[in-house]
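S.K.: First to last, the protein sequences are chains A and B. Take this note's numbering: the last position of the first sequence gets the number 301, and nothing is skipped along the way. Take this note's numbering: the last position of the second sequence gets the number 561, and nothing is skipped along the way.
It should be emphasised that the hints constitute simulated quantities derived from the structure, not laboratory data. Beta carbons: idealized from backbone N, C-alpha and C, even for Gly. Warning: the hint list may mix true and false statements.
[What the hints assert, rightly or not] One-sided excerpt, in silico: chain A residues whose CB lies under 10 Å from chain B: (1) Ser53; (2) Met57; (3) Thr61; (4) Lys75; (5) Gly79; (6) Arg147.
[To be verified] Covered stretches of chain B (in silico footprint by chain A; criterion: 3 or more residues with CB under 8 Å from a CB of chain A, positions within the stretch not fixed): (7) 389-399; (8) 402-409; (9) 418-431.
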Amino acid sequence: MPVVVAEELEKRFGDVVAVDHIHFQVEEGEVFGFLGPNGAGKTSTMRMIECVSPKTMGSLTVFGMDSEAHPREIKQHIGVVPQENNLDPDFTVRDNLIQFARYFDIPVDEASRRADELLSFLQLEEKKNVSIEKLSGGLRRRLILARALINRPRLLILDEPTTGLDPQARHLIWEKLRGLVTQGNTVILTTHYMEEAARLCDRIVIMDQGRILEEGTPQALVKRLVGDYIVEADATVEVRNCLEQHRIPFDTAGEKVQIVTPEPKLITTLLLEECHLEQVAVRPASLEDVFLKLTGRTLRE
Amino acid sequence: MTPIVRIPFSYRFGKVWRRNLVTFMRTWKVNFIPPFLEPLLYLLALGLGVGSFITQVEGVSYPRFIAPALISIAVMNAAFFECTYSSYVRMYYQKTFDAMITTPLSIEDVILGELCWGATRSFIYALLMFPVLLAFGVIDLPSSFLIFPFSLLAGFLFASLGMCFTAVSPGIDTLNYPSFLLITPMFLFSGTFFPLNLLPVPVQIVAYGLLPLTHVVAVMRGFCLGILSLDLLLSITWLAIASTLLCPVAIHLMKKRLII
Chain A
1 MPVVVAEELE
11 KRFGDVVAVD
21 HIHFQVEEGE
31 VFGFLGPNGA
41 GKTSTMRMIE
51 CVSPKTMGSL
61 TVFGMDSEAH
71 PREIKQHIGV
81 VPQENNLDPD
91 FTVRDNLIQF
101 ARYFDIPVDE
111 ASRRADELLS
121 FLQLEEKKNV
131 SIEKLSGGLR
141 RRLILARALI
151 NRPRLLILDE
161 PTTGLDPQAR
171 HLIWEKLRGL
181 VTQGNTVILT
191 THYMEEAARL
201 CDRIVIMDQG
211 RILEEGTPQA
221 LVKRLVGDYI
231 VEADATVEVR
241 NCLEQHRIPF
251 DTAGEKVQIV
261 TPEPKLITTL
271 LLEECHLEQV
281 AVRPASLEDV
291 FLKLTGRTLR
301 E
Chain B
302 MTPIVRIPFS
312 YRFGKVWRRN
322 LVTFMRTWKV
332 NFIPPFLEPL
342 LYLLALGLGV
352 GSFITQVEGV
362 SYPRFIAPAL
372 ISIAVMNAAF
382 FECTYSSYVR
392 MYYQKTFDAM
402 ITTPLSIEDV
412 ILGELCWGAT
422 RSFIYALLMF
432 PVLLAFGVID
442 LPSSFLIFPF
452 SLLAGFLFAS
462 LGMCFTAVSP
472 GIDTLNYPSF
482 LLITPMFLFS
492 GTFFPLNLLP
502 VPVQIVAYGL
512 LPLTHVVAVM
522 RGFCLGILSL
532 DLLLSITWLA
542 IASTLLCPVA
552 IHLMKKRLII
């Protein structure tokens, strides 16, 4: 049975359509990613799945239950890592977990056992009696993840879990998430980091202006929408003329020209020999290329 | 489709209440000082100071006249300020409510928990002032024991009133408006430090019709001085009706603000 099913899901704020009749389905045990520029409707979608924001139209079921008819039952089995840190500053690190466990009716000795387990899982034991204000951004994020796991959720929802973190903290969170997924948890996440999506997600959707533009596995999307390899060279007039002469299609991205090809060797040789270039770069096409192709290069905010 | 009837409240509001109690008790030393100190200071300044010019007000000594007012004011301030500034901080700055509603708690549970906590704070203040006033001999037993359950009712009303302002206040600074436009006048013109009948009749009508503190003071005075009349029942009814009306309004306004 799918964990989340959305049909014709719509969310409006006054005249603004934040989520525009989208369809998607999240299967049990998968990591499902929402990608999109700021304002694409990702967070609005997350908040509807979390049963904290009512939908405007359409249908949304979580664990087979209607999100607005059974919010308590659904929320009992969801763990949420929100975009904004909302740890309780009136409590210490460990007490944040214990206090949160109460909201789920977890008995106090069980809560205390789970809190210690999670503190060790996220390497927070040394900080357990520290107040929230003294924690760095990375530690806060780890604690929020621990808090989201206190009710042993069947579904974990993470809204930009690693934004603003240093590489070490980011890798730790990725590692922990992978661990959770191998245990069979279902994860929904939003991210701006294509690398994160490519590493973690089994399936992604790319959203823009409230709509879902594409859906698939990261690899399939890259292959289908961009191609295999990208050859990059400086976007000089000579290079452009040369490429046009040889009838090779290319894109201009800033100061570079990009040529998508299944045979990078051929293009590279041509550029180096026929166009007299001194250097070219070859790299595999990535999710970032897909993203920019679909959502454009212009700034959103 | 058949409409789904869902009861928005549950026993879980107690968890919100408990969260606030836990944080309050952790700093109990500083929290317990004002209710001890305030009646002492007021009784000394107004009772002995101003009171020395006054022989009797409505048949009682001046300290005995203001003692119930002191409890009433403390009850009002405890709940009102808890559910304005403190709730606003939890709601807006700490995002505590946002975190709570991702758990099985509903927004209704959260706000009801906050209101009950506001009322509890009033109760705690009444409880702590009680021995001080008793030691001064300005309140009578056993009728004064009635102020405890009553402080919960009065506190709940001021909590609901405060929460309405919290829900519509654009920022924490704008909460100053209700506190000086409503709370300060009530503090002075609700029969607290002088009898209401000294004021022009229209003001008296406003005080009785619109200012909850007027009724709270009247009831507290009856309880503290052991004068139990039918008027008290009228005032209690007024307060009960006002609470019943304001509580759902507060919850509705908060829901409108937070559930988007």
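S.K.: Now tell me if each hint is right for this structure.
M.R.: Consistency of the hints with the structure:
no., hint, in the structure
1, Ser53, "holds, 6 Å"
2, Met57, "violated, 13 Å"
3, Thr61, "violated, 13 Å"
4, Lys75, "holds, 5 Å"
5, Gly79, "holds, 9 Å"
6, Arg147, "holds, 8 Å"
7, 389-399, "holds (count 4)"
8, 402-409, "holds (count 6)"
9, 418-431, "violated (count 0)"
Violated hints, listed in ascending order, are 2, 3, 9; each of the other numbered hints is respected by the structure.
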